[in-house]
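With chain A's structure known, arrange chain C on it following the hints.
Spelled out from the first residue to the last, the chains are:
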Amino acid sequence: MGDRVVTPYEGSGHHSWDDAAAIEAPLRLHHTSVSPAWVDYNGHMSESCYLLVFGDNADAFFRFIGIDEDYRAAGHSLYTVETHLHHRREVAEGEPLAVSLQLLDHDHKRVHIFHEMRHGESGVLLATAEQMLVHVDIQAGRSADLPTLLAERLDAIQHAHAALPRPDVVGRPMGIERH
Amino acid sequence: MSVPFAAYRSAVRAEWLDYNGHMNDSSYGIVMSEANELLFVELGLSADYRASTGASLYTVESHIRYLAECSLDHTLNATTMVVAAGHKKVHLYTELFRDDHRLAATGEFLYVHVDAALGSSVPMPSEQQARVQDLASSHAGLPRPGHLGLGVGSSRQRSGSV
Numbered sequence: 012m013g014d015r016v017v018t019p020y021e022g023s024g025h026h027s028w029d030d031a032a033a034i035e036a037p038l039r040l041h042h043t044s045v046s047p048a049w050v051d052y053n054g055h056m057s058e059s060c061y062l063l064v065f066g067d068n069a070d071a072f073f074r075f076i077g078i079d080e081d082y083r084a085a086g087h088s089l090y091t092v093e094t095h096l097h098h099r100r101e102v103a104e105g106e107p108l109a110v111s112l113q114l115l116d117h118d119h120k121r122v123h124i125f126h127e128m129r130h131g132e133s134g135v136l137l138a139t140a141e142q143m144l145v146h147v148d149i150q151a152g153r154s155a156d157l158p159t160l161l162a163e164r165l166d167a168i169q170h171a172h173a174a175l176p177r178p179d180v181v182g183r184p185m186g187i188e189r190h
Numbered sequence: 050m051s052v053p054f055a056a057y058r059s060a061v062r063a064e065w066l067d068y069n070g071h072m073n074d075s076s077y078g079i080v081m082s083e084a085n086e087l088l089f090v091e092l093g094l095s096a097d098y099r100a101s102t103g104a105s106l107y108t109v110e111s112h113i114r115y116l117a118e119c120s121l122d123h124t125l126n127a128t129t130m131v132v133a134a135g136h137k138k139v140h141l142y143t144e145l146f147r148d149d150h151r152l153a154a155t156g157e158f159l160y161v162h163v164d165a166a167l168g169s170s171v172p173m174p175s176e177q178q179a180r181v182q183d184l185a186s187s188h189a190g191l192p193r194p195g196h197l198g199l200g201v202g203s204s205r206q207r208s209g210s211v
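These protein sequences, in sequence, are chains A and C.
With this note's numbering applied, the first sequence covers 12 to 190.
With this note's numbering applied, the second sequence covers 50 to 211.
Next comes chain A alone, as it looks inside the complex (with noise of 0.2 Å):
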């Protein structure tokens, strides 16, 4: 780890928008790799850098919709108010990622999303992650509408992802089961 936390995508402002372009379902807008500075004592990745990696997907969303560095100066953000992640599989240093993204349900101010990080080559599922977004006024220090144009894209994004099957572990409480 550096100084700070710095995502791929800083400063690379945003995705330029084009309303007639097909959207993926799911999105694909992040791969990588297995940095050797996230990989733990026995090589593998560890724990604490798959929400590393689900960020900086989020980051590349944010940019996908029009969210980026102007956007947050200008006075709003998306920030994180809920991760649920599951661990699926180890990784080790070097090995490929890609991460999908699906649009689960917005609204006015809330968004809801759905990452899965798969193995860029074999595409062996190795994590997923339930998030829940809310747009804020930074200054304010509190929730505030999407603007139109945003809401425009994500209404958008929704329709392209509506026929994607909801994954069987969103909104799935955490509790050790008993045989």
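Any given hint might turn out to be false.
Chain C side only, calculated, beta carbon under 7 Å to chain A, not exhaustive [stated by the list, open to error]: (1) G78; (2) I79; (3) S82; (4) T108; (5) Y115; (6) A117; (7) K138; (8) T155; (9) E157; (10) V171; (11) G200.
Taking CB as the label site, the calculated pair distances span [said to hold, decoys possible]: (12) A/R177 / C/V90: 38 to 44 Å; (13) C/A96 / A/V180: 37 to 43 Å; (14) A/A32 / C/S186: 20 to 26 Å.
Worth flagging that the hints you see were computed from the coordinates, not collected in a lab.
Glycine included, C-beta positions come from ideal geometry on N, C-alpha and C.
Using the frame of chain A, we list chain C on its own:
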């Protein structure tokens, strides 16, 4: 009187911050893992245990609720309680507080005891199982927050997932 485990205290570190000077989402997970690791030391399930046995607790699920921003101005304290435990699983609930007493985050964590050489889950040794059960019993009298054991978004009492 039962109290949660409360050994963890750390100033916010520069490496936990992101571009805006606040703690990054992923850093909340790191801090609560560090806090829970102190509890695993007490339970005989820490890095020393792993080094001598080749077995350790793997995180299989974590559910974090982000409640307040943290910056270099803050020192953090954490409390942890055992929600439930089985022969090879431990379910913990962690609260992270800033030194102004503001609750910064809560976390639920499900760990499974894995033997790395076998590559599968195995029961914890009886001594560790007993320690975990003792602590679970002593925490049984603690208040259970309403959000404990709920899925993402389910505290919002709305139809649909948002």
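Comparing the hints with the structure gives:
1. Hint status for C/G78: holds, given a least beta-carbon distance of 5 Å to chain A, under 7 Å.
2. For the restraint placing C/I79 at the interface with chain A, the shortest Cβ-Cβ distance is roughly 4 Å, inside the 7 Å limit, so the hint holds.
3. Residue-level restraint check for C/S82 holds (minimum Cβ-Cβ distance to chain A is 6 Å; threshold 7 Å).
4. Annotation: interface hint on C/T108 holds; nearest CB of chain A at approximately 5 Å, less than 7 Å.
5. For C/Y115, the interface hint holds, since its Cβ comes within 7 Å of a Cβ in chain A; the closest pair sits about 6 Å apart.
6. Hint on C/A117 is violated. Least Cβ distance to chain A is approximately 10 Å, over the 7 Å limit.
7. Of the supplied interface hints, the one on C/K138 holds, with its beta-carbon coming within about 5 Å of a beta-carbon of chain A, less than 7 Å.
8. Among the interface hints, the one on C/T155 is violated; its C-beta lies about 10 Å from the nearest C-beta in chain A, farther than the 7 Å criterion.
9. The beta carbon of C/E157 is positioned within 7 Å of a beta carbon in chain A (closest approach about 5 Å), and the interface hint is therefore held.
10. Taking 7 Å as the C-beta contact cut-off toward chain A, the hint placing C/V171 at the interface is violated, the least distance being around 16 Å.
11. Annotation: interface hint on C/G200 holds; nearest CB of chain A at approximately 4 Å, less than 7 Å.
12. Distance hint check for A/R177 and C/V90: the Cβ-Cβ separation is about 40 Å, which falls inside the suggested range of 38 to 44 Å.
13. One distance hint, 37 to 43 Å for the beta-carbon pair C/A96 and A/V180, is violated here, with the actual separation near 29 Å.
14. Between A/A32 and C/S186 the beta carbons are some 58 Å apart, a value that contradicts the proposed interval 20 to 26 Å.
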